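Undergrad: Listed here are the chains, written in short residue letters.
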Amino acid sequence: MLRRTFDYSMAVLVAAIMLFFALQGCTAPAPIPSDIDKFGKLDLALQQTETEVIGLATTVDDLITTGVIKKGSATHNEVKELLGDISNTLDAAWAAFNAKDLTNLELNRNTVRTLLLELRNILDAKVKEGN
Amino acid sequence: MSTEKIGSVAAVVELLDLVIAVDTFLMNREQAQAKYKPTRDRVVEIYLASKDRDLTEAETKELTMLRNTLIDARRALVQGIIDS
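Residue numbers (this note's numbering), protein chains in the order written: chain A, 114 to 244; chain B, 78 to 161.
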C-alpha cells in the first residue's frame, strides 16, 4: 500500500515537473536575435546593395559609351558626382560593418539607397528622353 | 569583413547575384576581365563544389576575400566613370 502510494506520488510529481517545463516552453518569449544574426543579415543586405550599385554603375558606363549620356553634359556631371557619393558611402557602410557599428552601418546603407533611387530616376528620365 | 553568414549555402547563392552583376560589367571590357574574371570563376567553382554540403572554414575565408575583390571591381568601375 505504502509502495503504491509512493509510486503514485512520484508519477504525479514527474507529471507536474513535465507540465511545468512544457508551460515554460509555451510562455517563453521568442529569442532575441543575437548580434551575430543581426550582423549576418546586414552582411547579406550590404552585399545586395553592392550588387545593385555594380549593376547601375555598369548601366551608367554603357549609357556614356553609347552616347545616351553625353560627356561633359550636366547629366554626365550629375551622374558622376552621384556615383562617387554612392561608392564612398558604401565603403563607409562596409567600414561600419567591420567595426560592428550598427548605427552608422544603417545610416550609410540608407543613404546609399536614397542616392541609388535618385540616380535611377535620372537614368529613367534620360532613357525616356532618348526614346 | 564578416564570415558569420557568408558560410551558409544561402549566402553563396546570394554571392552569385553579385557575380552575375560583375559578369555584366565584364562584358566587352577586356582590361577588367583580365583582372576580375579569375575571381568570379573561383566563386562559381566553390559554389559548384559545395552545393550539397556545408562550406569548409577555408572556403568561407576564401569567399570573403573573393567578395572583397568583387567590391574592388565596383570601386574600379565607378572610378573609371568619374575619370571619363
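For the record, the hints were derived by calculation from the structure and aren't laboratory data. Model, not experiment: these values are computed from the prediction. Heads up, the beta-carbon is just placed ideally off N, CA and C, and yes, glycines get one too. Careful: at least some of the hints might be erroneous.
Derived EDC-like pairs (lysine to aspartate or glutamate); straight-line CA-CA distance at most 20 angstroms [claimed, not checked]:
#1 A:K154 <-> B:D118
#2 A:K154 <-> A:D214
#3 A:K239 <-> A:D174
#4 B:K112 <-> A:D174
#5 A:K154 <-> B:E122
#6 A:K154 <-> A:E231
Below, a sample of chain B positions facing chain A; criterion: calculated Cβ distance under 8 angstroms [to be verified]:
#7 V89
#8 L95
#9 A98
#10 Y124
#11 L125
#12 S127
#13 T133
#14 K138
#15 M142
#16 I148
#17 R151
#18 R152
#19 V155
#20 G157
#21 I158
Undergrad: Can K138 (chain B) be said to touch chain A, with a Cβ gap under 8 angstroms?
TA: Interface hint status for K138 (chain B): violated (14 angstroms vs cutoff 8 angstroms).
Undergrad: Could you check if Y124 (chain B) really has its C-beta closer than 8 angstroms to a C-beta on chain A?
TA: Status violated, d = 14 angstroms.
Undergrad: Does the interface hint hold: is L95 (chain B) within less than 8 angstroms of chain A, judged Cβ to Cβ?
TA: holds (5 angstroms)
Undergrad: With a cut-off of 20 angstroms on the C-alpha distance, tell me whether K154 (chain A) and E231 (chain A) pass.
TA: violated (25 angstroms)
Undergrad: Holds or violated: K154 (chain A) and E122 (chain B), Cα atoms, limit 20 angstroms.
TA: Violated, at roughly 24 angstroms.
Undergrad: Hint V155 (chain B) vs chain A: min CB-CB distance below 8 angstroms?
TA: At 4 angstroms from the nearest chain A Cβ, V155 (chain B) passes the 8 angstroms test, so the hint holds.
Undergrad: Is the hinted pair K154 (chain A) and D118 (chain B) satisfied, with a Cα-Cα distance of at most 20 angstroms?
TA: Roughly 25 angstroms between the alpha carbons, so the hint for K154 (chain A) and D118 (chain B) is violated.
Undergrad: So, A98 (chain B) near chain A? Judge it on the closest CB pair being under 8 angstroms.
TA: holds (4 angstroms)
Undergrad: Can the hint on R151 (chain B) be confirmed by a CB-to-CB distance to chain A that is less than 8 angstroms?
TA: With a closest approach of 5 angstroms, the R151 (chain B) hint holds.
Undergrad: Was the hint right that V89 (chain B) lines chain A, CB cutoff 8 angstroms?
TA: violated (11 angstroms)
Undergrad: L125 (chain B) was flagged as interface toward chain A. Is the shortest Cβ-Cβ separation under 8 angstroms?
TA: For L125 (chain B), the interface hint is violated, since the closest Cβ of chain A sits about 20 angstroms away, which is over 8 angstroms.
Undergrad: Given the hinted pair K112 (chain B) and D174 (chain A), is their alpha-carbon gap at most 20 angstroms?
TA: It holds: about 18 angstroms lies between the C-alpha atoms, which stays within 20 angstroms.
In this structure, the hints that do not hold are numbers 1, 5, 6, 7, 10, 11, 12, 13, 14 and 15, in rising order.
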